[in-house]
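Those protein sequence lines, which keep their order, are chains A and B. First residue of the first sequence: 21, per this note's numbering; consecutive thereafter. First residue of the second sequence: 8, per this note's numbering; consecutive thereafter.
FYI, nobody ran anything at the bench for these hints, they're computed from the structure. Keep in mind that the hints are not guaranteed to be accurate.
[What the hints assert, rightly or not] Cross-link-like lysine to any residue pairs, in silico, SDA-like; alpha carbons within 20 Å at most:
1. B:K199 - B:V219
2. B:K85 - A:R320
3. B:K85 - A:L405
4. B:K172 - B:V18
5. A:K362 - A:V389
6. A:K349 - A:D339
7. A:K390 - A:L436
8. B:K158 - A:K152
9. B:K237 - B:E70
10. A:K152 - A:E78
11. B:K85 - A:A395
12. B:K158 - A:S404
13. A:K379 - A:S404
14. B:K85 - A:V389
15. B:K158 - A:D211
No experiment lies behind these values; they were computed from the predicted model shown.
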Amino acid sequence: MIDSFLQSFDRFSSNGASAVPDAVRTLRLSAITRFETLGFPTTRNEDWHFTSVSPIVEGGFAALTKPSGGVTATHIAPYSFAESGWHTLVFVNGRFNAALSGVSALPDGVRVLPIAEAYDELPMLVEQYLGKIASFDAHSFTALNTAFINDGAVVHVGADIEVARPIHLLFVSDASATLGAVHPRNLIVLDQFAKATVIESYAGLGDGAYLTNAVTEATVGDGATLTHLKLQRESPAAFHVGTLDVRQARDSHLFSFSFATGGSLSRTNIYTQLRGEGCGATLNGLYLGDGDQHIDHQTRIEHVEPNCYSRELYKGILDGSAHGVFNGKVYVHPEAQKTDGKQTNNTLLLSERAQIDTKPQLEIFADDVKCTHGATVGRLDETSLFYMKSRGVNARTARELLTYAFAADVLETIELAEVREGLESATLRRYTDG
Amino acid sequence: MLEIRGLRATVADKEILRGIDLTVLPGEVHAVMGPNGSGKSTLAQVLAGHPAYEVTGGTVTYEGDDLLEMDPEVRAQKGIFLAFQYPVEIPGVSNAYFLRAAYNEIRRARGEEEIDPMSFADLMDEKMKLVEMDDAMLTRSVNTGFSGGEKKRNEILQMAVLEPKLAILDETDSGLDIDALRIVANGVNSLKRPTNATIVVTHYQRLLNHIVPDYVHVLAGGRIVRSGGKDLALELEARGYDWLLEEAVA
Numbered sequence: 021m022i023d024s025f026l027q028s029f030d031r032f033s034s035n036g037a038s039a040v041p042d043a044v045r046t047l048r049l050s051a052i053t054r055f056e057t058l059g060f061p062t063t064r065n066e067d068w069h070f071t072s073v074s075p076i077v078e079g080g081f082a083a084l085t086k087p088s089g090g091v092t093a094t095h096i097a098p099y100s101f102a103e104s105g106w107h108t109l110v111f112v113n114g115r116f117n118a119a120l121s122g123v124s125a126l127p128d129g130v131r132v133l134p135i136a137e138a139y140d141e142l143p144m145l146v147e148q149y150l151g152k153i154a155s156f157d158a159h160s161f162t163a164l165n166t167a168f169i170n171d172g173a174v175v176h177v178g179a180d181i182e183v184a185r186p187i188h189l190l191f192v193s194d195a196s197a198t199l200g201a202v203h204p205r206n207l208i209v210l211d212q213f214a215k216a217t218v219i220e221s222y223a224g225l226g227d228g229a230y231l232t233n234a235v236t237e238a239t240v241g242d243g244a245t246l247t248h249l250k251l252q253r254e255s256p257a258a259f260h261v262g263t264l265d266v267r268q269a270r271d272s273h274l275f276s277f278s279f280a281t282g283g284s285l286s287r288t289n290i291y292t293q294l295r296g297e298g299c300g301a302t303l304n305g306l307y308l309g310d311g312d313q314h315i316d317h318q319t320r321i322e323h324v325e326p327n328c329y330s331r332e333l334y335k336g337i338l339d340g341s342a343h344g345v346f347n348g349k350v351y352v353h354p355e356a357q358k359t360d361g362k363q364t365n366n367t368l369l370l371s372e373r374a375q376i377d378t379k380p381q382l383e384i385f386a387d388d389v390k391c392t393h394g395a396t397v398g399r400l401d402e403t404s405l406f407y408m409k410s411r412g413v414n415a416r417t418a419r420e421l422l423t424y425a426f427a428a429d430v431l432e433t434i435e436l437a438e439v440r441e442g443l444e445s446a447t448l449r450r451y452t453d454g
Numbered sequence: 008m009l010e011i012r013g014l015r016a017t018v019a020d021k022e023i024l025r026g027i028d029l030t031v032l033p034g035e036v037h038a039v040m041g042p043n044g045s046g047k048s049t050l051a052q053v054l055a056g057h058p059a060y061e062v063t064g065g066t067v068t069y070e071g072d073d074l075l076e077m078d079p080e081v082r083a084q085k086g087i088f089l090a091f092q093y094p095v096e097i098p099g100v101s102n103a104y105f106l107r108a109a110y111n112e113i114r115r116a117r118g119e120e121e122i123d124p125m126s127f128a129d130l131m132d133e134k135m136k137l138v139e140m141d142d143a144m145l146t147r148s149v150n151t152g153f154s155g156g157e158k159k160r161n162e163i164l165q166m167a168v169l170e171p172k173l174a175i176l177d178e179t180d181s182g183l184d185i186d187a188l189r190i191v192a193n194g195v196n197s198l199k200r201p202t203n204a205t206i207v208v209t210h211y212q213r214l215l216n217h218i219v220p221d222y223v224h225v226l227a228g229g230r231i232v233r234s235g236g237k238d239l240a241l242e243l244e245a246r247g248y249d250w251l252l253e254e255a256v257a
């Protein structure tokens, strides 16, 4: 069943993949070979136990190679945040769109550019990192993405530089993407003591079924801080697999937020390795599902060195027959003494048919650590409902407000006001009539 | 205003109220006192319509209507307010948003227009002063991370904004220091009108130094065992509850 993807690669490598460095060409070839060996994951694979990707396999989505017109600023406005002074790269059906993009003046030492330009302008950086962080050895979708590396963004922030305005990478797919696949590939490099906020948005403008299979690699240097906000708002029929793979050096910090609400089937992987002492990683997320949606998150925090902390809070609200999956692993290496880890997953089920499979996992090989994890699955709190009703608030409004509040609690952790407030008001509109 | 006749109620199949009779008229302040486990808080919760309590007998008539038939929100919309002994924390909903939602629903139920945000802000300014609360409390989530005293003041703030006809204060004095007690009592007193009534449920007499009751009822074993004027509270303070319980048994 992977034949159509292999045939798509043959067409892609013969005509769609012009003028790339030899190293990239070699990388693609080894990736497609690996993909051919791995095939797509089945539910016998522990990492995919609760998520069947057979609709993706059967969809046979061929890589889109031609840019399509017709998408205007008006179309993408609902997925933007006013973005005054921001650095925004827009990709339409997987291809960079210069007309819709806008990069404000950047300080020396900071680059935000499409990957095709980075081949020429930042060849050393591309060679050093591309394909070196996100391993495809055991990850089919990452192998597939790597085979089709063609477009995406490269962000490089030099040492001691703080990028004041957010960098927004917006990937939209319109109706002409139907039955096609896009494989965005991004690379974020923060040198020592650099600081930046990168928003990665995926949005669908049409109703068709298409596949987004994105991979973002990031390296966070000594004392650097990366804020990464991923917003998945694909079309209702779309399929989305997105991976963020991060390497953190000494004293670096990562704040990651994954907001997932679109697609018929989506899987988000957030992985980070804390490879130096004194690192901190906060991985938060919110998934909102309805209808027959399937929304899966897998996180993996690897504590490699001592004296690091990690915090994780994922919340979800599932209605209709929606199926949520949370699989969070905190892995503490034998050397990683004094690790301080906390992981929480709370899901609110609004209907009898909605379901969640939650699997918070700790694997600890050091003996002096403080790690906790927990998961709750529940319905709205009766005491809170009564309290609100006793103030005259109608039963329906009380339910709506409590539902919103459940989500607002984790959205509050997003520091960037435009994104926080945008998601709060979207969530408020979704669960209330006000 | 309120007429309770032979009210019986259970929680988790355990009978807590065993035939309560109580009549409250407009302008009156009634204190309901009693030892722990006497059923005081149950009475308050039943009047507000808490779903965990099942009414197994008796009647409650409020302004001529059957109160027990009404959902909790309808009771509130008709002017009943319960100040909770343990106010509930609602992370994610701001105090201001919650109060405006409640205020507007009560106005709608009365057939009045919703208040605009500006006028509501003015109203809040005035009411916040009454309970000596800081503006910052409005943007914080309802009761979340509030101290015990702040929670109780927040209850009185809600009461001040919603202007109930019948306010039931359930152990509002418990856990309050003298300052907070004064603030809460002043708030309650300044809301007193000839047309509204208050039921003060308390274990201690000290709140009644500030909120002076017209009647004092002593609850024990799910029944009112003694009713009297405000002097009864002083007598209870001096002698405790035991003598009354013995008399009631004898």
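Inset, instruction - Starting from the hint list further up, note which numbers the structure goes against and sort them upward. - result: Failing hints, ascending: 2, 4, 6, 7, 8, 9, 10, 11, 13, 14, 15.
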